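Peer 1: What follows is the residue order along each chain.
Number of protein chains: 2
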Amino acid sequence: MAKRLGKQTYALEKPIHIISTATIVGEKEKNGPLKAYFEHCTEDDMMGEKTFEKAERKMMESCIDLVLEKAHITEQDIDLLIGGDLLNQLVTMNYSARSLNVPFLGVYGACSTMSESLAIAACLLDAGVGEIITCATGSHFSTAERQFRTPLELGNQRQTYSQWTVTGMGSCILSCKGKGPCVRMVTFGKVTDYGIKDIANMGAAMAPAAMDTLYTFFQDTKTEPKDYDLILSGDLGKLGSDILKDLMREKGYILEENYEDCGHMIYSASQKTFQGGSGTGCSASVFCSYVYKKLCNKQFKKIIFMATGALMSTVTNQQGDSIPGIAHLVVIENSSVAK
Amino acid sequence: MAKRLGKQTYALEKPIHIISTATIVGEKEKNGPLKAYFEHCTEDDMMGEKTFEKAERKMMESCIDLVLEKAHITEQDIDLLIGGDLLNQLVTMNYSARSLNVPFLGVYGACSTMSESLAIAACLLDAGVGEIITCATGSHFSTAERQFRTPLELGNQRQTYSQWTVTGMGSCILSCKGKGPCVRMVTFGKVTDYGIKDIANMGAAMAPAAMDTLYTFFQDTKTEPKDYDLILSGDLGKLGSDILKDLMREKGYILEENYEDCGHMIYSASQKTFQGGSGTGCSASVFCSYVYKKLCNKQFKKIIFMATGALMSTVTNQQGDSIPGIAHLVVIENSSVAK
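From first to last, the protein sequence lines stand for chains C and E. Going by this note's numbering, the first residue of the first sequence is number 1, and it counts up by one from there. Going by this note's numbering, the first residue of the second sequence is number 1, and it counts up by one from there.
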């Protein structure tokens, strides 16, 4: 039984191990600061397919195959697959799930989908629903840009406050048995909207939701930023991270050196992505590589992983709506040091 | 702790009561065979808004308000809201969730979203994650048609094997405390694809997934169709239901008088919807009105509710992909007769 802490946070009873992770990224991501952590990279972002959408799907299928291989299990061993992506009707995940003979739950939290999936998976495993659950999410620059913004061929100039959609996939396997870092707590976020209407300004749209979830989590658990080796937000980018720091400071919490953002980490300034990375694949690929490895080798003992999502569509944007955000949070500890 | 039965089915430990439901439907639905069960109907399918999408959102917000009112609780009492809809990026649910100060999980299973939400909610409550969870889903004819098919103004002729997207919303409140029919078991479905490519032929696309889930459930639980007062599929429509019956017969299970389909029930032949209703709102509105009332007054003691979803997008369709389907199943018993 999960134990409720405060308003929105639940401490899991069982240790839910992340027994394996896998990541596949594109060439631009492989050339960024995290190159040492990205094991698998595709030089051809078409993956030999005829369309970007089919390429994205093939990357996702490969990423799930890879995590099964790394965990030395087969699809027969998986009790449930949970995940989603940015494409309309989650077609990347739905069609990837078709290639596996596994029960599937589609979830959508835009770029927060990895932490949403992890949180649901951990709660279900704690409840005895399955013994092995796979979570997977990802995004592709070329499908997201043409779906959400403009045809790639237009070559539109990008705003300096914009972010770059990551071409990358992340998958992980959770189990109440086995070894590996453990999901210990989850906080489900609320939809929060401060009225940002500019779809190039994702960081500003998502920062208030990140603040709401992180503030609630600290209040619920009576902990402070210094209690964690890493506080990692999803893909706020440089600008969004600065806004989050400001908003948290107003609430009395100072985010310092142990705070980072996946969007801010994944590209270097010379890669001209302006505020950094975004997309479901941003937090998924950073979490499933850099973060997981540092948890496994105990450079991190206890971290907060909070992916953030902007929940608009092209239709709501064209109809004048502002952009709501959401952020779901999980606390992960290295099992050997868990209290 | 949930108890696993067979491959994909879980029996919940606690009785998870559905303490209240609410439905709002459009005029066409109100004029169908279930009119006595639909308490709330809107005569203006624009809901006083400027766009169909904003109308759909307003119907959803009203439906959630209504279920809270009927349960005599406020949004403060809700621990989690779970739901989704058919619009790209689930904007109906995401924006409706924005109007509530409640943690939110967006899920997507196309027209299977109501049973997906109920299954997740029941498992989370069983695990001690929250005490009160609201599930909500819905659809609107005019938004779905123009997003998935053609502009309404074209007035295209419809195929005789097509279905009509329901304008309707359904919401319900689940709790481990209180009274009302109980969710007892859940079966998470697999993505299944028999190669149907015609987006007007939803029933044929979804029937194989419905068969897969229902057959697995009977095998997992060692029960038979006659053990249930009602076996209700989501929105296969007349043609899809007939295909499901054929597929189940091949597997050795005969679906007879106690089998029905929400899509088949919601319109009469004179309403010219051909194979019947479809859309997330179809199974949601039939379940939250007709089925729930008959469970409460004990006309039904034990039922299977299995909503079905077709997981394509316009992009996958245009790129030549076939249509995968999924079906999630919940067993609901009237608490006073539950074993």
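None of these hints come from the bench; they were simulated from the model. Hints are not guaranteed to be accurate.
The list cannot tell twin chains apart, which means a pair is met if one copy fits it or any two copies do.
[Claimed, not checked] Below, simulated SDA-like cross-link-like pairs (lysine to any residue); rule was C-alpha separation at most 20 angstroms, straight line:
no., residue 1, residue 2
1, Lys298, Leu5
2, Lys14, Gly128
3, Lys35, Gln299
4, Lys3, Lys14
5, Lys251, Thr160
6, Lys54, Asn88
7, Lys293, Asn258
8, Lys54, Asp77
9, Lys14, Met1
10, Lys294, Ser142
11, Lys3, Glu13
12, Lys14, Glu145
13, Lys251, Asn101
14, Lys197, Arg146
15, Lys197, Gly155
16, Lys238, Arg249
17, Lys50, Val315
No experiment lies behind these values; they were computed from the predicted model shown.
Peer 1: Are the CA atoms of Lys54 and Asp77 at most 20 angstroms apart within a copy, between copies, both, or neither?
Peer 2: Neither way: Lys54 and Asp77 sit 26 angstroms apart in one copy and 44 angstroms across, limit 20 angstroms.
Peer 1: 20 angstroms Cα cut-off: does Lys35 pair with Gln299 within a copy, between copies, both or neither?
Peer 2: Answer is within: at 18 angstroms inside a copy they meet the 20 angstroms cutoff, but 63 angstroms across does not.
Peer 1: Cα distance capped at 20 angstroms. Does Lys50 pair with Val315 within a copy, between copies, both, or neither?
Peer 2: between (27 angstroms within a copy, 13 angstroms between copies)
Peer 1: Checking Lys14 and Met1: alpha-carbon separation at most 20 angstroms within a copy, between copies, both or neither?
Peer 2: both (8 angstroms within a copy, 11 angstroms between copies)
Peer 1: When no copy is named, should Lys3 and Glu13 be tagged within, between, both, or neither for a Cα gap of at most 20 angstroms?
Peer 2: both (7 angstroms within a copy, 17 angstroms between copies)
Peer 1: Indicate which option fits the pair Lys293, Asn258 if close means a Cα-Cα distance not exceeding 20 angstroms: within, between, both or neither.
Peer 2: within (17 angstroms within a copy, 54 angstroms between copies)
Peer 1: Checking Lys14 and Glu145: alpha-carbon separation at most 20 angstroms within a copy, between copies, both or neither?
Peer 2: neither (41 angstroms within a copy, 46 angstroms between copies)
Peer 1: Classify it for me, Lys3 with Lys14: is the Cα-Cα distance of at most 20 angstroms met within a copy, between copies, both or neither?
Peer 2: both (11 angstroms within a copy, 16 angstroms between copies)
Peer 1: Using 20 angstroms as the alpha-carbon threshold, which applies to Lys298 and Leu5: within, between, both, or neither?
Peer 2: Neither: 27 angstroms inside a chain and 38 angstroms across chains, both beyond 20 angstroms.
Peer 1: Can you give me the call for Lys251 and Asn101, within, between, both or neither, at a CA distance of at most 20 angstroms?
Peer 2: For Lys251 and Asn101, only the inter-copy Cα distance (18 angstroms) is at most 20 angstroms; the intra-copy one is 47 angstroms.
Peer 1: Within, between, both or neither: how does the pair Lys54, Asn88 come out at a Cα-Cα threshold of 20 angstroms?
Peer 2: both (14 angstroms within a copy, 19 angstroms between copies)
Peer 1: For the identical chains here, do Lys251 and Thr160 meet the 20 angstroms Cα criterion within one copy, between copies, both, or neither?
Peer 2: Result: close neither inside a copy nor across copies, 28 angstroms intra and 60 angstroms inter.
Comparing the model with each numbered hint stated earlier shows that hints 1, 5, 8, 10, 12 and 15 do not hold.
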